[in-house]
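K.L.:
Position chains B, C, D, E and F relative to chain A; hints supplied.
This is what each chain is made of:
6 protein chains.
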Amino acid sequence: MNKHIAAYGEIMMRLEVPDNLLLRQAEDLKYSFTGTGVNVAGLLAQFGYTSSLISAVPDNSIGSSAIGAIRRLGIQSNLVIKNDNNLGMYFLEKGFGNRPSNVTYTNRQQSSFNITGISKFDLLQSLEDIDVLHICGITLAMNQLTRDNVLKLVKLAKEQNIKVVFDCNFRPSLWGENGNQRAKPYYETILSEADIVIMSEKDAIQTLGLSTNKETKEGQLEALLPLVAKKYGINKIGGTIRTVQGSNHNVIKGYLYDKGAMYYSKAFDVDILDRIGTGDAYTCGIIHGELSNMDPQDTVTFSTASCVLAHTISGDTPLFDTDDIIKVINNEKNDIER
Amino acid sequence: MNKHIAAYGEIMMRLEVPDNLLLRQAEDLKYSFTGTGVNVAGLLAQFGYTSSLISAVPDNSIGSSAIGAIRRLGIQSNLVIKNDNNLGMYFLEKGFGNRPSNVTYTNRQQSSFNITGISKFDLLQSLEDIDVLHICGITLAMNQLTRDNVLKLVKLAKEQNIKVVFDCNFRPSLWGENGNQRAKPYYETILSEADIVIMSEKDAIQTLGLSTNKETKEGQLEALLPLVAKKYGINKIGGTIRTVQGSNHNVIKGYLYDKGAMYYSKAFDVDILDRIGTGDAYTCGIIHGELSNMDPQDTVTFSTASCVLAHTISGDTPLFDTDDIIKVINNEKNDIER
Amino acid sequence: MNKHIAAYGEIMMRLEVPDNLLLRQAEDLKYSFTGTGVNVAGLLAQFGYTSSLISAVPDNSIGSSAIGAIRRLGIQSNLVIKNDNNLGMYFLEKGFGNRPSNVTYTNRQQSSFNITGISKFDLLQSLEDIDVLHICGITLAMNQLTRDNVLKLVKLAKEQNIKVVFDCNFRPSLWGENGNQRAKPYYETILSEADIVIMSEKDAIQTLGLSTNKETKEGQLEALLPLVAKKYGINKIGGTIRTVQGSNHNVIKGYLYDKGAMYYSKAFDVDILDRIGTGDAYTCGIIHGELSNMDPQDTVTFSTASCVLAHTISGDTPLFDTDDIIKVINNEKNDIER
Amino acid sequence: MNKHIAAYGEIMMRLEVPDNLLLRQAEDLKYSFTGTGVNVAGLLAQFGYTSSLISAVPDNSIGSSAIGAIRRLGIQSNLVIKNDNNLGMYFLEKGFGNRPSNVTYTNRQQSSFNITGISKFDLLQSLEDIDVLHICGITLAMNQLTRDNVLKLVKLAKEQNIKVVFDCNFRPSLWGENGNQRAKPYYETILSEADIVIMSEKDAIQTLGLSTNKETKEGQLEALLPLVAKKYGINKIGGTIRTVQGSNHNVIKGYLYDKGAMYYSKAFDVDILDRIGTGDAYTCGIIHGELSNMDPQDTVTFSTASCVLAHTISGDTPLFDTDDIIKVINNEKNDIER
Amino acid sequence: MNKHIAAYGEIMMRLEVPDNLLLRQAEDLKYSFTGTGVNVAGLLAQFGYTSSLISAVPDNSIGSSAIGAIRRLGIQSNLVIKNDNNLGMYFLEKGFGNRPSNVTYTNRQQSSFNITGISKFDLLQSLEDIDVLHICGITLAMNQLTRDNVLKLVKLAKEQNIKVVFDCNFRPSLWGENGNQRAKPYYETILSEADIVIMSEKDAIQTLGLSTNKETKEGQLEALLPLVAKKYGINKIGGTIRTVQGSNHNVIKGYLYDKGAMYYSKAFDVDILDRIGTGDAYTCGIIHGELSNMDPQDTVTFSTASCVLAHTISGDTPLFDTDDIIKVINNEKNDIER
Amino acid sequence: MNKHIAAYGEIMMRLEVPDNLLLRQAEDLKYSFTGTGVNVAGLLAQFGYTSSLISAVPDNSIGSSAIGAIRRLGIQSNLVIKNDNNLGMYFLEKGFGNRPSNVTYTNRQQSSFNITGISKFDLLQSLEDIDVLHICGITLAMNQLTRDNVLKLVKLAKEQNIKVVFDCNFRPSLWGENGNQRAKPYYETILSEADIVIMSEKDAIQTLGLSTNKETKEGQLEALLPLVAKKYGINKIGGTIRTVQGSNHNVIKGYLYDKGAMYYSKAFDVDILDRIGTGDAYTCGIIHGELSNMDPQDTVTFSTASCVLAHTISGDTPLFDTDDIIKVINNEKNDIER
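Residue numbers (the numbering used here), protein chains in the order written: chain A, 1 to 338; chain B, 1 to 338; chain C, 1 to 338; chain D, 1 to 338; chain E, 1 to 338; chain F, 1 to 338.
If we strip away everything but chain A, and leave its shape as in the complex, we get:
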């Protein structure tokens, strides 16, 4: 039977100024519906899994549009409820060359997702046929209600033997002053329950308070991830090392700590069409590796290639099949496919 992944996360409206223009120059916006959960559930649906989003949207035409959008991506919408009347939004002014992309959020604190208690969802029944639950550090950052929601949801999931995937995704601007300290206890609770974690060396050092005298990212990861895995009982910890060479070009290398060993992908040169959401494509690779019993080296290569390919897709949500990823891994530089 088809594996079923559910993601718990906010649906946001992305409002992108077209043609690399600035907001002050333009009169048109392209909108789409996105969020870490949307991206993960969307790409896994493309991979052939059953996927659902657990979320709340406004009870108005914006909410209806959001639901239509995730259904279009192949995501099940049964666990998306309508409540109140605000949706989180962000404006994107895409960068170019030496100019970085600029993201401006609207007020998300009052969004339907961020004010809806987890008890509003009929979870006992709905979690039954779910195999994997994805949660994200951004949700932890929003407010006390969402933090409680995550903790309750993770507890329920573990009770039903659902695998928990946790993407640390620490956002300093959301946590505010002393954010790392305030975040630490929540992160520690979740990490203790999580099976798979997406984490950078910064998360280990700044949020968890670990330290190392290594200076390279690789060195720091190799020093710290084993400690994290051991302390919190985590099976797999992965992520990417990104070297920014401008808004149009990055170099990306994936890593995966699995059963005591560290695995790396090669470093990929990446031409960037759309940077946002590419980390979620990496996460999907790790989840697919887990569910299809890929070995760790293949998993980290597959996940990194998934991340690389995500940079060539417009919009936050990656849209490709596992076959397309294989071609990137095999370095097939294809001419037109017809």
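Fair warning: there could be bad hints in the mix.
Pairs involving identical chains hold if they fit within one copy or between any two copies, as the list cannot separate such chains.
[Said to hold, decoys possible] The calculated SDA-like cross-link candidates involving lysine to any residue, where the alpha carbons are at most 20 angstroms apart (straight line), are:
1. Lys82 to Asp321
2. Lys30 to Asp19
3. Lys327 to Val103
4. Lys82 to Phe320
5. Lys30 to Tyr90
For the record, the hints were derived by calculation from the structure and aren't laboratory data. Predicted model only: the values in this text are computed from it and were never measured.
P.N.:
Leaving out everything else, chains B, C, D, E and F in the frame of chain A:
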């Protein structure tokens, strides 16, 4: 010297789904910056007056865009300050035929304008060269801070002999339950200070609690406006009677109560390109009538023609000269102008 | 439990030249995915029903897009299979005033839907929880395979006590020479099984070969529909009488023959944004009347108002709630809804 | 053998602000290439005639675009030469309802067409297979060179027994002060050579200096056209009477004076998509009537219906077949054509 | 007198998803009319030659649009006939970086071109003033009728001493299983009649069945082209060696076998705006070299630079002058030209 | 008090073909209002200075749009007057890779700016609060009136101790034959009055007639700028050395001669979104350096980084803050800013 009108009001971002589409059908939005104050100050700038907006916008790229937009309309931006980081927004799904237009607001309570105290503006100095101050009932509806802001501002204005124009603009959905009762004391205070008021028969009955046994709108207005004018010491009270015949066609007739007499325009048949903001074009006509010493009958005719013409301009903010209004009054049905 | 309607029909790609341009004038097309089945299942999903489409699409990116599009409309996609590699398409040059709209089809005979045998669908299981099956005369017109498909499907449906709704929708250009004669036996077989039928006086006369000396459409319908209902054992027969007054304006009046009596709606004046698919909105009204036990007069009024409102929505597929229809029935000419 | 019509006239670039916006509101323009000659030659090509334009365009990418555009319309480009580097342009802000359309010209005096002497064209040879020459009063208005060009061209045409069609098209803003007086001798010379003339009652009165005590347009035309026809030896004089009821609606009635009698079409109610160039569609009807030996009553009906239909086509240049005109004449209010 | 090149080939509609989007993400398409014959005739028209297309299009608005489009490119349309009602189409999802472009064809077998026998064209007369005939392997691949058409046309051309240019353009997906074997006899017949051939090492090995133990493309070409030239009596055989480094960057090197010697261009680094149709720009270079008596080294350089420049033009059809190619050859890296 | 910079220069309308298309391929244009003065005043407004434009625009809707556009950029419009009815325009076909950008001007000689005498501006009063005046060699090139205007304006400025910044900007195509010789006396007069000059080695050699045997640009500048500075008494002379590597990539290095020494920035690799107007961003850097007392090395680095960043902004007018420039200087390759 050129007369100077200042409007105190929120700048909102209007996000319009193009081509009469619904939000759930589309992927593009047209955005512009608007608000009653913007519309009034913008059209009066077109009429040749100096005009300013007193407002607050976010201190980010959205705020910069908003300031650029009002400057483009010819409005002075000296009294627009940057504070915090939210701008009010609304989505517009334009109606057609039997389908009404649909407006969906985002959370405005936390917008920069609605959380900025009037003391943040350097008003003592800036009010000096202002002749007319425009305020609007929507601002009264937002929260206690904005209500206090309006009261303080009106008090300051009267101290400096600035004429106060008050557009009642009662929005039930903003005031919520028992809104009329809660609004009444604020409305009464402002009305007592106002020189010119835009008011419908509903405002008189529902908010001010007056009553009449007349059944037609004309009858009710003729019964109630004299009472209102007398009680609150108001020079002029005007407005429009609108008969909706579908989203593309209305019939509009203006009225003006001035020095004890009621004046009406003829009823205009209106083809509608954009409905929103057309009431503000009426207000501008009344203000122009006042400042140019037009007689009451000419004023109501001019104001109504201004309102009529505003329906043929895309966007909230009317954009035409007084000459264009005169052509509508004269019923010149022009072929191409070249 | 929620009623479930399934429609069997082709998904087509509609390629619309924007801004009332002709194909030879433009360089852009707007595309969407449509078809009688899509329209019916889509609007019924909006009404709150569970709805599915039984269809076949190409096994390529066009097919994936088509599936995403119907999911976005709220339609279940479980019964849409991927097979071969062609999708039916049509180009739409929208009319204006005295200029009629022009539809140009591409070759549909080889489309995935029209070459896929009904046995490819796992129907025995899937029909179990379906309450209503919608089929359409266009499918009958395509080729021998689709005719056989319809006959088999209707037989299966009746075996499972599924109500069959048949929209005659006779298209002379698809049937070609002597089309009515060739079509008659198929139409008769389906009519014998159908519970609800959408039929015009032309269908009765030209396809079924009935005759009357009445000259008005109403007269002809009143003479012929009782004969049809009796002969084929049909519960309800409905449709619309449309008076074309140009591409932007029609007058529409609905009729419904139910248990021996004829019911009419009033005649609605209709401003037209998009003409195509409006008949399907009428059908949905009839189905909703049936499933919600509306009385015949209410049903014909509701269905006609649904048809009327569909003219104000861009695209083939109607998108509104039953509440929106009620407002049209009540002749609420609403100003902006906010 | 196919009849061949050549038009001598300027190609202009039309720069239209989309979506009924004003220039000050927008950031995009739609451009096309147009002019009375383009419109006449373009529609006659659609009617099945061979048609050519005699014109000059800049020797740069704008000129190349212009040539491509008229070729796309089916017009032969052999007589379009490249010279100098300016093309006439105009900006169009489309009207709506009570707001008239606004046309703003750029400097046309230095355009390639208006500075190119007629001797630059290899006319002796090229006129050989031409049957009809179309010229327009706008060309007469530009400058002394273009006036001389027209006179020489008409002389050459008459020497080769080419029928001359002259559209008076008097533009006061181009002729400037005392324009009618300055124009009169040129108009008289051309009228003396012309076989078919498009002329209004204003042309007869203001330019030719004729007078009448009739007050209706019909009365004036019936009084004056016989005098004009006799004085200058013209076979046919036609035109339209247009009643402007706003930017979206006109009433149009055609007239044709032919061999001593006056013929009228019925008055057509016209919904307007694009007003510009519709007079040229009338002219094409008259030319087609002449070349196909239609009787005068049919000619005026056909020409007026052509003019009516032209209002439903976006852009200056009418695009339809004679069949489409017949449907308008027969008052076929067609639903979708498929 | 101007040389005249005719190309025999299908006109297709290219439907491009804009902004590097996938079909499933978008709602708009840009359309244009293209095909190897269109591209070759279009660019040669730009070079200053007379050029014609021999083709068939549908007898509807799509066909009219296609004819308008090739006329806009400067191609004569006398030999394009209207027949039946289908046009070949393809959807283009443009690649980016590691993601290749994806082309999805609709059913071309029933297109007007592919069902129209060569006898429908009035060829005896029309071939008279033609100097060069271009044919393409894609036409050979379609069906038996098109294969016969090509054979007959080539025979006629040779009888009239028209030079035949044959672009092998073998498309495995069109020929299907055992395609090379089935294609071989047709290819051999055409090669025997052709004067100039565009052929890769794959064509020689896979279709013609030749073999070599060389491993580099250059080695294989140097081994095989002399054999091919000799066996089939071909004057010139050319092509390009393309190294794909992603969707945005290729390296291209041209080759030309002429009178016993092999000539190469330098390898050009190419930034890619639009990959499709660039091979046709190479062919045009070879034809121009032939007709203007360029020496072989100059010809291969010119042709490759033409191919390189074609990558910088949006759409299939290259649009530039020979002067623009010279600048690329001279490696002029120009700043803005003004 | 805030420093105030005024620029004297023409406002032009830029008409850009979108999506790297050629004019002959497209149907849409994006328009904006630009010019060296607009760019300089616009960017300095962003930097926080008060800035004004001294210019003339048409007295029609194009002129109103132009004024709205510069106000949107934050430029004061008090010194922009309306006169006559032409605005300079240029069409931009953006280059790609090996294809250079192509600019086609319309006739600018009759533009409002180029026919308006300087006496039309109320300068005596308005120059009072101006600190810096920017003028540009393009204005010198237009005609005798504009040359006189510049000379008079510079004289007035010097009388009021306003600093004069002169950008040589010699345009051969505007000066025509023997342009350098004709330009020399005007350039010499302005240089004698100027405080800061933007000049290349070509200006020194070709216009001023100086010579050097150095071959590198650096060598020539180091030889000639000291001579120029001494001869004409100029404080600072700056500019950029640009190596064009295609339309998408340049290398740029700035230089500044200040008080006897030559300073260089490092060479920046630049990805190009929009090339036009980038030189004006360099000038703004020099002016900012002067007004904020930056040292010469910092000034040249800041100015070059400003120029570099300007390549990443669509449109002629650079839009960024000094902070954004600092990030480029510090080589911060930022990922998304949120």
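K.L.:
Regarding lysine 30 and tyrosine 90, is the shortest C-alpha distance of 20 angstroms or less found within a copy, between copies, in both, or in neither?
P.N.:
Result: close both inside a copy and across copies, 12 angstroms intra and 16 angstroms inter.
K.L.:
Should lysine 327 paired with valine 103 be assigned to within, between, both, or neither, using CA atoms and 20 angstroms as the limit?
P.N.:
Only across copies: lysine 327 and valine 103 sit 17 angstroms apart there, 32 angstroms inside one copy, limit 20 angstroms.
K.L.:
At most 20 angstroms between alpha carbons: which applies to lysine 30 and aspartate 19, within, between, both or neither?
P.N.:
both (10 angstroms within a copy, 11 angstroms between copies)
K.L.:
State whether the alpha carbon distance between lysine 82 and phenylalanine 320 is at most 20 angstroms within one copy, between copies, both, or neither.
P.N.:
For lysine 82 and phenylalanine 320, the Cα distance is within 20 angstroms only across copies (17 angstroms; inside one copy 29 angstroms).
K.L.:
First find the shortest C-alpha distance between lysine 82 and aspartate 321 inside one copy, then the shortest across copies, and answer within, between, both or neither for a cut-off of 20 angstroms.
P.N.:
between (31 angstroms within a copy, 16 angstroms between copies)
When the structure is compared with the earlier hints, no violation turns up for any of them.
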